[in-house]
Each structure stands twice: as C-alpha cells, then as structure tokens.
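**Q** The residues making up each chain are set out below.
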Amino acid sequence: MENREDVHILAIESSCDETAASVVKNGRQVLSNIISSQIDLHTLYGGVVPEIASRKHIEKINQVIEEALKEAGVTLEDITAIAVTYGPGLVGALLVGVSAAKAIAFATGKPLVGVHHIEGHISANYIENKQLEPPFACLVVSGGHTHLVIVKDYGEYEILGCTRDDAAGEAFDKVARAIGLGYPGGPKIDKLSKEGNPDAVKFPRAKVDGSDYDFSFSGLKSAVLNYLNSCEMKGIAVNRADVAASFQEAVVDVLVEHSLHAVKAYGFDKFAIAGGVASNSSLRAAFETACSSQKIAFFHPSPVFCTDNAAMIGVAGYYEYIKGTRSGYDLNAIPNLRLGER
Amino acid sequence: MKLLALDSSGLVASAAIVDNHITIAEYTVNYKKTHSQTLLPMLDEIRRMTELDLHTIDAIAIAAGPGSFTGLRIGAATAKGLGLALEIPIIPVPTVDSLAYNLYGSDKLICPLMDARRNQVYTGLYTFQKGIGESSGYEMQVLQKQCAVDIAEVVQQINALGTEVIFLGDGVDAYRSRIAELVTVNYSFAPACCNRQRASCVGALGSVLYRNGVQEAAWEHAPEYLRLSQAERERAGQKEETE
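Protein chains in written order, with this note's numbering: chain A, 90 to 431; chain B, 41 to 283.
One should not assume that every hint holds.
[As the list claims (entries may be wrong)] To give an idea of the chain B side of the interface with chain A (calculated C-beta under 10 Å), a few residues:
id : residue
1  : 65
2  : 68
3  : 71
4  : 74
5  : 119
6  : 122
[What the hints assert, rightly or not] Straight-line Cα separation of at most 25 Å, DSS-like style, residue types lysine-lysine; simulated pairs:
id : chain 1 : residue 1 : chain 2 : residue 2
7  : A       : 384       : A       : 412
8  : A       : 263       : A       : 114
9  : A       : 263       : B       : 42
10 : A       : 263       : A       : 296
11 : A       : 114       : A       : 199
12 : B       : 279       : A       : 199
[To be verified] Partner residues aside, some chain B positions facing chain A, computed with beta carbon under 8 Å:
id : residue
13 : 84
14 : 86
15 : 109
16 : 116
17 : 126
18 : 129
19 : 220
20 : 224
21 : 269
Bear in mind the hints are in silico, worked out from the structure with no lab data behind them. For every residue, glycine included, the Cβ atom is placed at its ideal position computed from N, Cα and C.
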C-alpha cells in the first residue's frame, strides 16, 4: 500500500555524458536508477564531446525516464515532483534534461525543482547511510569539480575550498592520456596503480598560498609530464604502473590532508566524500585509515552513486522540495552555477 | 484534430495550438532570450489564455530541423517531454518546409533561407500546385529538398528554373547583397508578417503530414540536423586522410 504522505521524486540528470533518470521515495529510498552511459562513444575522441553528448541525450531521454518509472513500479500520477539538474555542466547537455523535465512538469501540473549537480553528488551519501545527517564536511571530487564543502543543513552549503586550476578527475584523465592509458583516466589509473610502487617517483604535493583548503593539480600534472619527457630524453624506460601509483598517491595525499585539516578545524566528527573520483579505491582506503585513527565517522557512496546518476538528484531534489524550493517554467541551464546559489 | 505546434529552430521561438483549420492561439517571439527561458512560459500563457486542457491535444508538431543545434534540442526535448506525459505522438515537420508554408498558395517559386553559418544556408525550393477539383486546396511541391549548401548553389538552381522567386527567412538579411549579385530572375522578399518561422505553419503543415501518416512515438523523435558535429566531421576527415 502506498502511503498518501509518501513523496516520490522523478529525477533527471543530463549534465555531462550520462543520460539518467530515477524515482526516489521519501528522500532516501531509491526505487529505480537508470543510467544510459555514452562513455564508449566519447572514448573514440579521448574525452567528452559536448555536441555529441547533447545529441545522445535527446535520443535517450524518454527511454531512460520511462524505464525509471517502470522499474520503480509507478506512473507519472504517483510522482509528487520533478527534479532536474540545471547546472553546473555542459550547457547543451543540461538543456535536454531541463527542457524535458519542464515539459513533463507542465503537462502533469507537478512541481518542478531545479537541483545543483554538486548538491546531488553530496546527497548521494544519504542513500546508503540512513543515519547520516548534516552538519558534516564533504569532499566532492570528480572530472569537473574539486570542492571542500561544509554541509550546514539540507540544501545549505559553505564552500571552504576548491581547485584553482584542474579538477582532480581532470588531472587523472590528462595523466592517463600521457602514459597511454586512454579515457576515462580515473578507473584506469586506479587499476594500474595496484601494480606500481607509490614511492617510486616523488611528485610534488601542491599548496595554494594563503589558503589551507584550496587545491591545485596542474603543477602535479606538469611534473608527471616533465618526468615522462626527461625519461624519454635519457632513454630510460618508464614503469607506467609506478608513475600511475606515484601520481595517484600525490593526489590522494593532498585531498586527505586538506580534508582532515578542515574536519578538525571545524570540529566535525563526520566526513563524507562524493563525486566520480570518490570511487577511487586508493582514495577511499586513505580516508578510511585517516578517519578511523582520528575517530571520525567516514561516509562514501557505492561506486554507482559516485559517478553521475539521477538518484542523487532525486535525493537532493527531495530535500529542496521539502524546504519549499520551486522552479518556474523559465528554468534555464546554468553551466557555471555555484553551489549554494539559485 | 488538435495539434500543439512548436518551432525553436532559429532566433524565433513560436508556439501554437492548431485545431483543424483554425489557429486557436499563436505566440511568437523574435528576441535574444534563450528558447529555454521563453518557449514553455509562452506555452503556459497560451494554456491559461485559451483555457486549454492539454489532454485534448492529439499530437505535437515540431519544427524538426535543420536549425540551431541547441534550439532544435530545446524544442525536441520539450516535445518529447510533452509526448511522454500526455502519451501522444510527435509529427516531425521539416523546418525549411514549414518556413515555405508561410507563402501558401503563391504562384511564385519559394526559397526559404536560414543562416547556417560556415558560409552555408539551410534552404530548399518549393511551389504550390492547385489540387484537382474547384474547391480543393493547394499542395506544396518540393523541388529541392531541404539541405545545407552555399547560397550560390541554390541560386544556380533558381536561375536555371528561370521563374520569379520569393525569398524568406533569417538568411535573407545575411545574404541580401549576395542575392542581388547572383540572382538573374525577378525576385522579392516576403514581408514581416510571413518571413520567419511560425508555429502555426508547423501546425498547419503538420496536419497535412499527419493525414499522410507521418508521425512517430515521442521516444523515437530526434532532430534532423543535416550536419554532423564538428568532432565527427574532423574525425571523418582524419580517417579519410589515413586511408
């Protein structure tokens, strides 16, 4: 029996290269989580091509939504509100989800809730950790984002720091390309690193002057490229696994150090990670160790909720809906939307 | 049969409700705001103004391309969302054909021109032919199917046909001087009332297409871009070079 008070959110996500839809019940129960990935298509080009991504989204959007409703065993009539990612992301890609969501909201008369993509990533932690509630500190790391955030309350965020140049995931992609692993770099480096020695090459751990919480990864990326170049000049064979492991260790060190510094400075006993890079096994292991030694509860989503998905948008959308957030039919895609802004 | 018609293929955003031979409402805006901000609010205004019950709509007619890639997708995603929620099909109407339909019944050659950038226009050539019987209407004949070409190519076809032509569309402003330079037949430009994309034309032509069996499920619909993406073109070029 469905409870009349139950809130069902139909969520849509199309900010990058995954077309996704989900139905989330009462904010934490994922009834369906459908993802149509375009990764094979973009692998041909060594990265996401915005126009191709947008074209794929428009082809897949209805099937993904219909599948999400079907798998959840609900119809549009059972849906309480429609949530959709409206930024940040690729504008052409975002517009597909936003336009479809608005049309469905318009045709059904259901409320529309625009959701911030990063708010979605953070909220992915609520799905499997029912006891997790704000406030806590959260590190969001993905191909497009590296943010250290304080989650003050549902839908209330304070950004402590972010990357000054490349996102962590972007650095993974670039280094992966340089050592011939191809796209997407994150999982490939993670896998190869298991065979390498993380202490083989000493890569720099960048600090950003005047900020304890900001990140910089372009220097590290250059250091890797320089190392590869100098090996080539000297005719030394490169051990790719060692380079991958050493690079990964350098990234992980900085992420862990900054994050733990923030957790202690603000006196939190809870810390979470989110975003595509949060599924990196070495990063998780490092946080497990660091947090348990300091009696900090550590939370992370399963890999399927780390990469882009709509369930996380449904969770974030639920809390925004409960708070009374509503979007108009003029909701636009905002490619550089900042967290906490509407 | 009641159609909801949309055109967001160019600078113009246009929405209409066309019920058989009557346009119940049409809202057209030719202004720099993004279609994402205009299209659905316009439709909402139509709904309120005409007390429209969306469930009385039989199908959605959409300017299906060519046009601005992003504009086409805003229209397509809107149509697909409406189709999904209302469980009705989509009638894809070629954008250039529906532009030509602005000049229904004209005895001149009709040449819509849409600025396609990269020194090309989206264009086609059309005439109207009286059907058999006194009271029968005109049928649009497609002499040149919509395509993306250099304007010189379509003008060459016009000159060869040797008949008077009317140009319309946003390509007219971009190519006025080239037209003056290249066209050897009598020509004119359609006036402001009928020289841009209009959803009522999409709806009217959509009704004709629908009667001829043209429709697709909402999930099937995707725009007809008439062009590959830049990355695909470059990749195809590279492949050709290496082969």
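**Q** Hints first: check each against the structure and report whether it holds.
**A** Do the hints match the structure? See the list:
1. 65: violated, 15 Å
2. 68: Since chain A brings no Cβ nearer than about 17 Å to residue 68 of chain B, farther than 10 Å, the hint is violated.
3. 71: Violated - the Cβ of residue 71 of chain B stays beyond 10 Å from chain A, reaching only about 14 Å at its closest.
4. 74: For residue 74 of chain B, the interface hint holds, since the closest Cβ of chain A sits about 6 Å away, which is under 10 Å.
5. 119: Check passed: Cβ of residue 119 of chain B comes within 7 Å of chain A, closer than 10 Å.
6. 122: This hint holds: residue 122 of chain B lies near chain A, its Cβ roughly 5 Å from the closest one there, short of 10 Å.
7. A:384 to A:412: violated, 32 Å
8. A:263 to A:114: Distance ~39 Å between residue 263 of chain A and residue 114 of chain A Cα, so the pair is violated.
9. A:263 to B:42: Not satisfied, since the Cα-Cα distance of roughly 53 Å exceeds 25 Å.
10. A:263 to A:296: Holds, because 20 Å separates the two Cα atoms, which is no more than 25 Å.
11. A:114 to A:199: holds, 16 Å
12. B:279 to A:199: violated, 49 Å
13. 84: holds, 5 Å
14. 86: Status violated, d = 11 Å.
15. 109: holds, 6 Å
16. 116: holds, 5 Å
17. 126: Check passed: Cβ of residue 126 of chain B comes within 5 Å of chain A, closer than 8 Å.
18. 129: This interface hint is violated because 12 Å lies over the 8 Å limit.
19. 220: violated, 34 Å
20. 224: violated, 38 Å
21. 269: With a minimum Cβ separation of about 4 Å from chain A (threshold 8 Å), the hint on residue 269 of chain B holds.
Of the numbered hints listed earlier, those contradicted by the structure are 1, 2, 3, 7, 8, 9, 12, 14, 18, 19 and 20.
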